[in-house]
Amino acid sequence: MNEQPKKFKWVGTRTIRPDGVDKVTGRAMYGADLTLPGMLQGKVVRSPHAHAKIKSIDTSKAEALDGVKAVITADDMPQADPTPVAAGEAMINLRDLSDNVIARHKVLYEGQTVAAVAATTSDIADRAVALIEVEYEVLPHVIDVLAAMKDDAPVLHDDMFTGGVKPKPEVASNVANRVEFTLGDIEAGFAAADVVIEQDFTTEPVHQGYIEPHAVVADANPDGKVDIWCSSQGHFMVRTFVAGLLKIDMSKIKVTAAEIGGGFGGKTTVYLEPLAVLLSSKSGRPVRMVMSREEVFRASGPTSGAAMTIKMGATKDGKIVACDATLYMQAGAWPGSPVGPAAMTAFAPYDVDNVKVVGFDVVSNRQKVVAYRAPGAPISEYGVECVVDELASELGIDPLELRAKNAAKEGTQAAYGVKFGAIGMVETVAAAQATEHYKTPLGPNQGRGVASGFWFNIGGESCAGIRINEDGSVSLTEGSPDIGGSRASMAMMAAETLGVDYYKVKPSVVDTDATGYHFVTGGSRVTFATGMAVVKATNAAIDELRARAAKIWDVDVEGVVWEDGHAKPASSNVGDFDPMSVADLAAMANKTGGPISGHADINAKGAGPAFGTHICDVEVDPDTGHVTVLRYTAVQDVGRAIHPSYVEGQLQGGAAQGIGWALNEEYIYDENGKLENAGFLDYRVPVASDLPMIDTILIEIPNPTHPFGVRGVGEVPIIPPLAAVANAVAAATGVRFHALPMSPPAIVAKMAEKG
Amino acid sequence: MSGMRYEAPNSVDEAVKLLADANGAARILAGGTDLLVQLRAGMIDPGVVVNIKNISETHGIAADGGAFCIGATVSGAEMGEDAALSAAWPGVVEGAELIGSTQIQGRATMAGNLCNASPAADSVPALIAAGATCTVVGPDGQREVSVADIPTGPGQNSLGNGEFVLNIKLPARPANASDAYLRMIPRTEMDIAIVGAAVNLVLDGDGTCTEACVVLGAVGPKTITVADAAAALVGSKVDEAALAAVAAAASAAATPIDDKRGTVAYRTKVAGVLASRAAAIAAERARS
Ligand SMILES: Cc1cc2nc3c(=O)[nH]c(=O)nc-3n(C[C@H](O)[C@H](O)[C@H](O)COP(=O)(O)OP(=O)(O)OC[C@H]3O[C@@H](n4cnc5c(N)ncnc54)[C@H](O)[C@@H]3O)c2cc1C
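As given, the protein sequences belong to chains V and F, one line each in that order. Take the first sequence: its position 176, counting from 1, is numbered 176 in the working numbering, and each next residue is one higher. Take the second sequence: its position 129, counting from 1, is numbered 129 in the working numbering, and each next residue is one higher.
Just to be clear, a hint being listed does not mean it is correct.
The calculated lysine to any residue pairs, modelled on SDA-like cross-linking and capped at a C-alpha distance of 25 Å, are [claimed, not checked]:
| # | chain 1 | residue 1 | chain 2 | residue 2 |
| --- | --- | --- | --- | --- |
| 1 | V | Lys-166 | V | Gly-224 |
| 2 | V | Lys-674 | F | Val-37 |
| 3 | V | Lys-9 | V | Leu-691 |
| 4 | F | Lys-260 | V | Gly-649 |
Here are the simulated distance ranges between beta carbons [unchecked claim]:
| # | chain 1 | residue 1 | chain 2 | residue 2 | range |
| --- | --- | --- | --- | --- | --- |
| 5 | V | Asp-159 | F | Ala-41 | 16 to 22 Å |
| 6 | V | Gly-734 | F | Gly-42 | 45 to 51 Å |
| 7 | F | Glu-14 | V | Ser-60 | 46 to 52 Å |
| 8 | V | Ser-292 | F | Arg-5 | 49 to 55 Å |
| 9 | F | Asp-45 | V | Ala-514 | 55 to 61 Å |
| 10 | V | Lys-409 | F | Ala-41 | 36 to 42 Å |
| 11 | V | Gln-79 | F | Gly-153 | 51 to 57 Å |
| 12 | F | Arg-5 | V | Gly-20 | 54 to 60 Å |
| 13 | V | Asn-672 | F | Thr-208 | 30 to 36 Å |
| 14 | F | Asp-259 | V | Ala-172 | 34 to 40 Å |
| 15 | V | Gly-20 | F | Met-4 | 54 to 60 Å |
| 16 | F | Asp-259 | V | Ala-130 | 53 to 59 Å |
Worth flagging that the hints you see were computed from the coordinates, not collected in a lab. Treat the numbers as computed from the prediction; the structure is a model and nothing was measured. Yeah, the Cβ is synthetic: ideal placement off N, Cα and C, and Gly gets one too.
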């Protein structure tokens, strides 16, 4: 690998994004923007019941309607095997996925798909949906996680016995799994503590709230080939799932990644794609399906809600000596809540010898959860960071000082197994302590809260291709859907490595036929892993460029070095040759061996874990319960900010989503288990005027395994806000709130209760 | 939405004829910020949509000896830019300006807000507190109606076949008079009021309240005019005791329901909080 230049020409600058003009002028093609000749419109029939047996489905009237070209039910879908496959940051069972795509014998939540139609117009498709007659036998349902664990709760799956416990339970229950992580001896730890705090907390499920609803166009050929265009966090993920669910060879499926209007983890699974393929093969015509906003809320995944108990003990001088947590997390209708990562991350920001975390994965009659930024971590770390604050006030120590005293650092043994390498928890706390924000006095009814957060970040499979064009410009191909400006970062890393102008490099996210397997855009992995592949591919192209120069100069390739975008003789012993640029070498490529390129197909290892510390000021109106976020600062160890604007954007977006989670976002069900707020009017994400400017401080502790020091940055920033806001509200009101969201009615009710 | 006709007449007579001929199957289009949403959601399926924005009598804000006549198609943004109106009726203007967001403000009208008859409509409590009237035109000519008599229940209004609202009128007012409107929403905009409260009052030379009207929104199927709260203000200097009495009277008068937007207990309490705060603001404005 080339010596890393001391100063960067492109890395760390704020270049113009290659996809920017198309997006601001409305030319960019999102999931719903493709139109093909003869294309049909597909629509879905959804369950009106939270829990019911499907007794019969009569599609005859819909099929008879003029303009209807195909109607499907679960009978059109092959039976899936219950084999776990990788899905985003979790494993998923194909049979469960199949049931979520289209219900087979039973519906497990209101909004679950039971049938689908394709017709020549949307209007006809809507009418066909209304003509499908489904007979249900309604069953008792359960929504809440603790209620679902009761002995007399309706059981969703009669073949589900709690995993991870011995002996295997004799009766089926809604508890899918139990996980446990331990370090040291918590009993001895608590015995040594001078102060012990134990509190219960709850959080509600929250939706990722991406602006673009799920959308797909599928075109199945009579010979069995299938083309799919859709917006997702991984067109290879779509290929894997469609191939697995419909039992089609992967080579026959080509998926093209449309531009994506947000995902945040919510687009790491499929809902419409297999239906569109089935409708297309049945009708022989291309089919477009687009969810309405209401369908996005009713039928796509939020992240879990949870109930938890957090207990922490510390000595008088502020050393945390024992930590204990129990987490109950809602999975939705099938197993798979992020209880594993929630348990692993819970106490990870701290260097503590005695830790125990037990977690339960619990199903209930609600939408199946799917990844949402740092799945699980915001939930468990919310409880922990509230208790850290309680410890600080009990001990009379400044809350940041307490975090600094106990911060994980290089060499700390984390309860989930790893020993940390170079990490920046200490530095983020120190930077927060040094801010002017932290020292600014507050007024009446105002309070300040702080909280830290940890996330692993991941690597995984990525590929990249660099092609030197005949004029010396550079085409860069990779297959990670660009959600946060990654094309710009890829082109910057290629330009920096190759030593050419960033604007000469054109990055493209290519289809599944044009590059190798990529894991999803998730786990904060793209700038790290795909970036690593890009640098490796660029270095391979550089080796080829050096070989071509060696050929032209008739010297050994070892005699040619690559510097500043030019091939140069390694020393005067090699000979006296003028440096050759990329363009010079490209112009002669046909005489020196043909087109010049470099490729890399990797499974990136060594993603650097990352930490953040946030400061939040709020004002609480004691009479109406309205919380105003006055000021917010997010500090994070980002490894290396390739494009600082997009890194800052990640911090700001994470803070905004976390503030919504803390203050107003929740699912409201009626007594029949029907969702009452399936829209942005009553599912309240913050609007722009709800938020102050989110100030950011980027700390750069380079990740030694990445050529430019990149760590993932996209997930950490959604972790601290829940507790930062909760701690600020507690400081402003003198009352600790143990339940999210802290909506105005909840605040008024709790303050009245406290008197 | 099959076979919907769109019309944009230039005169009141043409509009009235189109509406009357449609026999209930017509809908007026002003700003369209309710109508278009309802059309898209499939809540309504009108045979004809009549845009009234080409009718000159629905345009502009006319001031006449301290009174104002606001055309039915005047947007919230236009009202906010009218200095004289904003000085005389700051509560009415702030109610209209709270509707939606900057984009919605460029379109949304008070007449549309009134005729749409949502119990949570933001501009209506202050209009009623102000004693506003409106001109209704129809097949039988023209009539003046109190604004309070237009909404009859959620989504229902008292307009007959062929009728529409041409303008809204605010009376001239004495010295030391002002008004205020406050609403509670969990966010800062793009939301529906959980509680709204408007207060209009007149003070005499030494700051004693001589006239008052307190109106609540979103805590009943229609707005609620709280006579006891007005009585608590009249004769007082709008001091703390009077404000506490306003709060108690407003909470007592509220008849909210439990729903996804708020509980009975919360809405009852906040009705009092907002009514007393609005009274304090109106008094402060009247004094200055
Ligand atoms: C994003 C958004 C945010 C919103 N926020 C708020 C808010 O904060 N507070 C609030 O109160 N409302 C809110 N609304 C609702 C709406 O904007 C208001 O009710 C607005 O005042 C309606 O005015 P309009 O001119 O757009 O009415 P239109 O949609 O044109 O008409 C509304 C109804 O009244 C009828 N109508 C209109 N004008 C007349 C007339 N002159 N005579 C007889 N009938 C008539 C129409 O036929 C229709 O039934 C919001 C709407 C949106 C889309």
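- prompt: Quick one: are Asn-672/V and Thr-208/F within 30 to 36 Å, going by C-beta?
  reply: Check failed, 55 Å falls outside 30 to 36 Å.
message: Looking only at beta-carbon atoms, does the pair Gln-79/V, Gly-153/F fall within the given range of 51 to 57 Å?
response: holds, 53 Å
task: Go ahead and decide if the range 55 to 61 Å is satisfied by the Cβ distance of Asp-45/F to Ala-514/V.
output: At 47 Å between Cβs, range violated.
Restraint check for Lys-674/V with Val-37/F, where alpha carbons must lie at most 25 Å apart: holds, 23 Å
Range agreement (Cβ of Met-4/F with Cβ of Gly-20/V, hint 54 to 60 Å): Violated, at about 39 Å.
message: Just to be careful, I want the Cα atoms of Lys-9/V and Leu-691/V compared with a cutoff of 25 Å; is the pair within it?
response: violated, 35 Å
- prompt: So the hint says 46 to 52 Å: do the beta-carbon atoms of Glu-14/F and Ser-60/V match that?
  reply: Distance hint for Glu-14/F, Ser-60/V holds at roughly 49 Å.
field: CB-CB spacing for Arg-5/F and Ser-292/V relative to the 49 to 55 Å hint
entry: violated, 26 Å
task: Go ahead and decide if the range 45 to 51 Å is satisfied by the Cβ distance of Gly-734/V to Gly-42/F.
output: Given about 49 Å between the Cβ atoms, the range holds.
task: Go ahead and decide if the range 34 to 40 Å is satisfied by the Cβ distance of Asp-259/F to Ala-172/V.
output: Holds, since Asp-259/F and Ala-172/V (Cβ atoms, about 36 Å apart) stay within the stated range.
task: Using the Cβ atoms, figure out if Asp-259/F sits within 53 to 59 Å of Ala-130/V.
output: violated, 27 Å
task: Please work out if Lys-260/F and Gly-649/V have their alpha carbons no farther apart than 25 Å.
output: violated, 32 Å
Comparing the model with each earlier hint shows violations of hints 1, 3, 4, 5, 8, 9, 10, 12, 13, 15 and 16; every other hint is respected.
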